[in-house]
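Trainee: Protein chains in written order, with the working numbering: chain F, 1 to 298; chain D, 1001 to 1302; chain G, 2001 to 2224.
Worth flagging that the hints you see were computed from the coordinates, not collected in a lab.
A hint or two may mislead.
[Stated by the list, open to error] Partial selection, computed: residues in chain F whose CB lies under 7 Å from chain G:
{"id": "1", "residue": "F281"}
{"id": "2", "residue": "K283"}
{"id": "3", "residue": "E290"}
{"id": "4", "residue": "V293"}
Idealized CB from N, CA, C, for every residue including glycine.
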Amino acid sequence: MVEIEAQPDAAPTQMATRGVPLNVAGVATRTAPTDLSVEQPELVFDCREIGVRYNGVRALRDVNLQIRRNAVTALIGPSGCGKSTFLRCLNRMNDLIPGAEVDGVCLYHDEDLYGPNIDAIEVRKRIGMVFQKPNPFPKSIYDNIAFGPRVVGLKDHLDDRIEEALRRAALWDEVKDRLKEGALSLSGGQQQRLCIARALAVEPDVILMDEPCSALDPISTAAIEDLMTSLKTDYTVVIVTHNMQQAARVADTTAFFSTDQGETGTRCGVLIEVAATEKIFTKPENERTEAYVTGRFG
Amino acid sequence: MNAANRTASTAAANAVASSLVGRRQRSVGARLFLFYLVFSTGFGLVALAVLLGTILVDGLPFLDLTLLTGAPSSNPGMAGARPAILASIMVAIVLVATALPLAVATGVYLEEFAPRDRWWIRLIELNIQNLAAIPSIIFGILGLAFLVRGLGLGPVLLAGALILGLQMLPTVIIAAREALRAVPASVRQGGMALGATRLQVVWREVLPAAIPGIATGSILGLSRAVGETAPLLMVGAATFVSYNPGLLTQYTVLPILIYQWMRLPQADFQGLAAAAIIVLLALLIAMNGFAIWMRNRHERKW
Amino acid sequence: MRIGFQDELDELCEGIQTEGRLAATAVAEATHALVDWQVEAFESTLVAEVEVRRLYHETETRVETLLARQAPVAGDLRTVLAVLHINRSVERAAHNAARVAHLATPPPRRMLVEEAVITDALRAMGDRGAEMVRTAMDTFARRDANAALLLSTLDELVDRENEKIADTILAIDINDPELRQWAGRMLFAARWLERVGDHAVNVAERTTYMVTGEPNTAANQDAN
Chain F
1 MVEIEAQPDA
11 APTQMATRGV
21 PLNVAGVATR
31 TAPTDLSVEQ
41 PELVFDCREI
51 GVRYNGVRAL
61 RDVNLQIRRN
71 AVTALIGPSG
81 CGKSTFLRCL
91 NRMNDLIPGA
101 EVDGVCLYHD
111 EDLYGPNIDA
121 IEVRKRIGMV
131 FQKPNPFPKS
141 IYDNIAFGPR
151 VVGLKDHLDD
161 RIEEALRRAA
171 LWDEVKDRLK
181 EGALSLSGGQ
191 QQRLCIARAL
201 AVEPDVILMD
211 EPCSALDPIS
221 TAAIEDLMTS
231 LKTDYTVVIV
241 THNMQQAARV
251 ADTTAFFSTD
261 QGETGTRCGV
271 LIEVAATEKI
281 FTKPENERTE
291 AYVTGRFG
Chain D
1001 MNAANRTAST
1011 AAANAVASSL
1021 VGRRQRSVGA
1031 RLFLFYLVFS
1041 TGFGLVALAV
1051 LLGTILVDGL
1061 PFLDLTLLTG
1071 APSSNPGMAG
1081 ARPAILASIM
1091 VAIVLVATAL
1101 PLAVATGVYL
1111 EEFAPRDRWW
1121 IRLIELNIQN
1131 LAAIPSIIFG
1141 ILGLAFLVRG
1151 LGLGPVLLAG
1161 ALILGLQMLP
1171 TVIIAAREAL
1181 RAVPASVRQG
1191 GMALGATRLQ
1201 VVWREVLPAA
1211 IPGIATGSIL
1221 GLSRAVGETA
1231 PLLMVGAATF
1241 VSYNPGLLTQ
1251 YTVLPILIYQ
1261 WMRLPQADFQ
1271 GLAAAAIIVL
1281 LALLIAMNGF
1291 AIWMRNRHER
1301 KW
Chain G
2001 MRIGFQDELD
2011 ELCEGIQTEG
2021 RLAATAVAEA
2031 THALVDWQVE
2041 AFESTLVAEV
2051 EVRRLYHETE
2061 TRVETLLARQ
2071 APVAGDLRTV
2081 LAVLHINRSV
2091 ERAAHNAARV
2101 AHLATPPPRR
2111 MLVEEAVITD
2121 ALRAMGDRGA
2131 EMVRTAMDTF
2141 ARRDANAALL
2151 LSTLDELVDR
2161 ENEKIADTIL
2171 AIDINDPELR
2181 QWAGRMLFAA
2191 RWLERVGDHA
2201 VNVAERTTYM
2211 VTGEPNTAAN
2221 QDAN
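Use the sequences and the hints to build the structure in full.
Mentor: See the structure below:
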């Protein structure tokens, strides 16, 4: 397994051009972006030897991964390789799964997320999550967004907070006249943006997205991908995606996970390679990565 | 395409078309089953209609203000059911105030907070299932031993209501758990991912979403409790009470009054009993209506 | 996995091989026409060039379809991009060969030393050029990353012959108008043949890029 630190992309805006799936121009002159004159963005997550077991059975091991600020990091790989499990480690959602044990060290801004004094509830206020299937509460749009601020204690200027969150999620114009209508009356893509707005309303630092577009049509998917690109100016985004082209389009850094035969013979997830997205998709170092991105291996 | 091919393809098309037409004839088994379903439904409806019809025919002539506002008397012309009506309503109120919240809270705890793998949780769940099946008269004996005599309450309305509450608990707990289980896990996940505590998520999102189901279960339990006779007789509900009851006084409820009137020899009392049944039914329908209104109020928000 | 895609890639590479070999043939025939003044050679060159142009368009279309439908990445992407560039180089080489063929005329004096020098140099350039094109296509087929270095060495020989021709032509007696005209045509022919060599070097560079992902900048220096 190759351990490579995620390299900062010296020019992140080049990745997100709509309609151009890969940075085709200038391929011959582009080198790995280790431009030392640009300051490396600070680390948000520094994960060392992260592993997860479910009821004693190992599902993930030895993940060394760094997530940088104000960037989109994508986790790709085949089914069952632990990407979602790893994502859940970052906001302690694995705590809610009975029998789940996390080992290794996960530093969030140099603070151990699993330290003895850390409150998981506080962690989740700073590190929000959006799920694969949109899960708005069966309430009005207003109450959906208001839930977060209300429980977290940000009760002042609620209307303004809600408008701000909906604007950032690119949903305000579509729902501003019907905030009191039920959230379940929205389309799938709108519901997912509502869930993003709901997560933004508590003013998090990081947004985790677990396959946010897999239940959506292409147009909604495109809208959410544009949203991810605009969100990274103010937040740090980590997404898990089955869709490689999506990772190619939106992510600055891509991490490829796969499975290995574990000690007991069961398959367990491992991190194979992590690098700037364009490197992963033009000349990956590990042949397993090449096999996966070219589709030679499912 | 020559003539032979054309004929062949037309014939094939016709065969497909006609195969679609023939399917309306169901097999004998399917028809029998359908008949059985319709028959059962019809049977139940007819039985209910006959029951209601008989009651209405017998009771409506006797349904007047005296019945509703008068006190029981040995003279059928003057007999009323007011104390019993009031007592039944008070029992319902006590149940809603004590047993219902207790049952819902128990359901919420077992479904949302209790650790699943402990043996004593399994034991509790098993016992709740069993409690639901216990005959009502056993509750009556229980109430007599612990509330009336043990606690020293005496044969008062509160004791009767409490024991009916105990009987009602399992039904509502099970209904509440089912309603909570029907709320998708994604709602809880979404709430917790926002940094809410489990209590906040349950109180603000899960419980409100489960209210329609809980309301339905509660009404079932409540209706049964209001119609109970045997346990109340065991805890000493009197059969002749002419004053308005209070929580700590002797009392009688509508079902017991009906029972008593049915046993009296005068023919008029039979009619009065039927009229009292109509009143009881009206009370139950009113409670049901209230629950449906509660349910609709919560469903509209979705 | 992706058997259809793999088949399309293979077809693409085979197509470019055919094209490349045809271009090499065109260069060889053009040289033959230029220095031996054979009409059949002239006609062969033109036939080959027309076929190369047809294959050029076919390859272009295949690449476009592949990019649109299959979204190749990593090694596959580099292969497709390499084919796209090589396609152009090969087509230009064949075109240059046709231009050379059109310039074929026998020398007017037949006896002069200069004429012989020029003719021999042209023959050497042409043969070397055809050989270079064939070698370049071969290194592409073998995915040889060191091809560029090899071919730029061969290109130096071509450049030396080109200079020899230029020097000889410049030293010619300007008072012989027929000789001057012929020499001028030969000068152009030499220029076209020198370009063929450069195209072959480009093909090798693209091969290096396809295999390693890095362009071979050392071989880039002598380009054009």
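Trainee: List, from low to high, the hint numbers that the structure doesn't satisfy.
Mentor: Violated hints: none; all satisfied.
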